[in-house]
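S.K.: The lines below spell out each chain.
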Amino acid sequence: MEVTWKKYTYTFLITAVIFITAIYVSNYFGQKKINEIKDIESRISVDILASETQFSLLSELSCKEITSGLLSKELATLGDKLSYTEENRGSNDTEVLNLKKYYSLLQIKDFLLMQKIKERCGSNATNGGLSIMYFYSNKGDCDDCQKEGFVLTRLRQDYPELRVYSFDYNLDLSAVQTLITVYNIEKKLPAILINDKVYYGFESIDDIKKIMPALKEIDSQRAKEALKSSQGTSTKVK
Amino acid sequence: MHLISEGITYIFLFFALYVEVFFLITYFEVRDKEKKTSVPAIVNKWPSVSVIIPVWNEENTVLKTIFSVLKLNYPKDKLSILIVDDGSTDNTWNVIQRFSHNKQIRLIRKENGGKYTALNHALGLVNTDLVGCLDADSFVHPEALKRIVVQFEDKEIMAVAPSVIIFEPKGLLGLIQKAEYMFGIFLRKVFSYLNAIYITPGPFSIFRRSVFETLGNYRHAHNTEDMEIAMRMQKNKMRIGSAHDAFVYTVAPAGFTSLYRQRLRWIYGFLKNSIDYRDMFFKPQYGNLGMIVLPAAGLSLVSTIYFWIALIVHWANTIILKIEEISTVGISFKGFNFDFFYVDLNIIFLISLFAILGTLFIIVNSRKLAEEKNKFGLDSILFLMLYTLIAPIWVSKAVYNVIFLRETKWR
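Order-wise, the sequence lines are chains A and B.
Counted from 1, the first sequence has number 210 at position 211 by numbering that gives the first Met the number 0; the numbering is strictly sequential.
Counted from 1, the second sequence has number 101 at position 102 by numbering that gives the first Met the number 0; the numbering is strictly sequential.
Any given hint could be a false lead.
Listed next, the stretches of chain A that the computed footprint assigns to chain B, with coverage defined by at least 3 CB atoms under 8 angstroms from CB atoms of chain B [unchecked claim]: (1) 5–16; (2) 75–89.
Chain B residues, not near chain A, derived (Cβ > 12 angstroms throughout) [unchecked claim]: (3) T25; (4) D278; (5) W307; (6) G329.
These aren't lab readings, by the way, just hints derived from the structure by calculation.
Keep in mind that this is a model prediction, so the values were computed, not measured.
Where a beta carbon is used, it is the ideal one built from N, C-alpha and C, also for glycine.
Isolated chain A (complex conformation):
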């Protein structure tokens, strides 16, 4: 019974090559995804800068010129992709942390821009000016953060006009910490900030709708439109 050491070595080398290839391919696509997030971030950054500039230029003019297109539409996509990446690479990954910091900054800038537009031109210019600021923690010290995440994701899906800004309470970023100080947000997470008022603990979809009657208005408007269109169809059928 012969032992083919040479073959064992070859097999080891081939297996190692397959492993290394898998690591390389995985890293390649992982980096590609990071770059994709970076691209989105830089696009949003340009969007915000452009909006700010447009806003400054138009400050002397009437609010009619300001359209809802001023606010970036990619923030939600970026948020989804970033949270997916965080889930896969871990929240301690340096790349993830950097992307998250930048994302948080972009959210703050977007929020400030929206506030400015709202102040000057009223809520109509910003699609009703609907926004929620959400503070969470993924260090295992927030039992309801997962559930609150489901609620806000669903609200964002159902109401594209609603802007949800989510911040990691523990993120080591001065701007986020300043935001926490400015709004005096305690570490009783999850915490939600709506119209400068902080709500602690889990808030369901209905709770939030009660706090934001504008969402209910959207619902009733949609119901009316649906009724109209169904009446229109039934008339046609007749």
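Put chain B on the given structure of chain A with help from the hints.
M.R.: Just chain B now, with coordinates in the frame of chain A:
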């Protein structure tokens, strides 16, 4: 904890891939060698062969088994059949009486003592050059014996294992077993080349009589005497070959319970025999069997349980999360937008992909060896998708039985 489980996963994946690559390289070597070597020489003088058929309450299948042996394309004066009724309590003994006047057949009746006692009883009466066993739930291809006997032209070959195929597979479990048995044909061919066959299947493995004269008779061997005799032969440096074109058809357990019992016996037997023959593991003097095949078989059992538990934990977490989501926000049917970003190309996924490609190659080639018409079938798909989900059930129980010293039963 997460890092530890990830580390274990990588180690298991590396070894699984190593073994698969090793078997594939060997398969290519066999193919090349077969292309270079000529067709086996025609045997001038066919050796005498005894086929022992141990029966115990097999009144429904035994006739088909006996007729298949009688129909073997082999000189009648060289083939004798010994039917040993191991104390059947049904009508088996009466059923086989129709052969009482057949010169080729000898009917023997003894008190029930288990398959190995029936085999040993018959072995004491055999004086042919070759001797084999055929389970009473199996039937042979007419050319099977000749194809096996040709292998004995090589003086070093002391036993030859056939290719076992599922007879008319029925239902989901039947189809999965069909693919599994064909997979086994591929592996046996590779093991044969590596001189590492460690099971001489109950259905129609043929031995030189001298094997039993030298090593002694069959043992109880935890109800897996066909595994023990092969391991004993390997330990004594006796070569076991295989004839991949010598087909034997066996009836698969139809229900889950009977399949579970059969597999529990096999895996338990493997584990117990591995403990009995533990000094063969990682010993270069036992060649590829000691260095690769036996350790790989052992490792595959451990990794099967590990990946199964990991999969169950993963699914349980996903389900709990989904339930939590639904109870919080209800069910929503949002449209599906494919985005490559969300395709998880992690290292484990990519290595598993390589491993699956290797498995697909083995499936396609095993079907070719089994002379199946199509390269791929429903059975292959079911095997790929479901086998790794159901096999851990009996593997886990077998490990449990070994650890907690619980015996397994034959049926």
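S.K.: Each hint: holds or not?
M.R.: Hints, one by one, checked against the model:
no., hint, verdict
1, 5–16, "holds (count 7)"
2, 75–89, "holds (count 3)"
3, T25, "violated (8 angstroms)"
4, D278, "holds (14 angstroms)"
5, W307, "holds (22 angstroms)"
6, G329, "violated (8 angstroms)"
In summary, the structure is inconsistent with hints 3 and 6 from the numbered list given earlier, while agreeing with the others.
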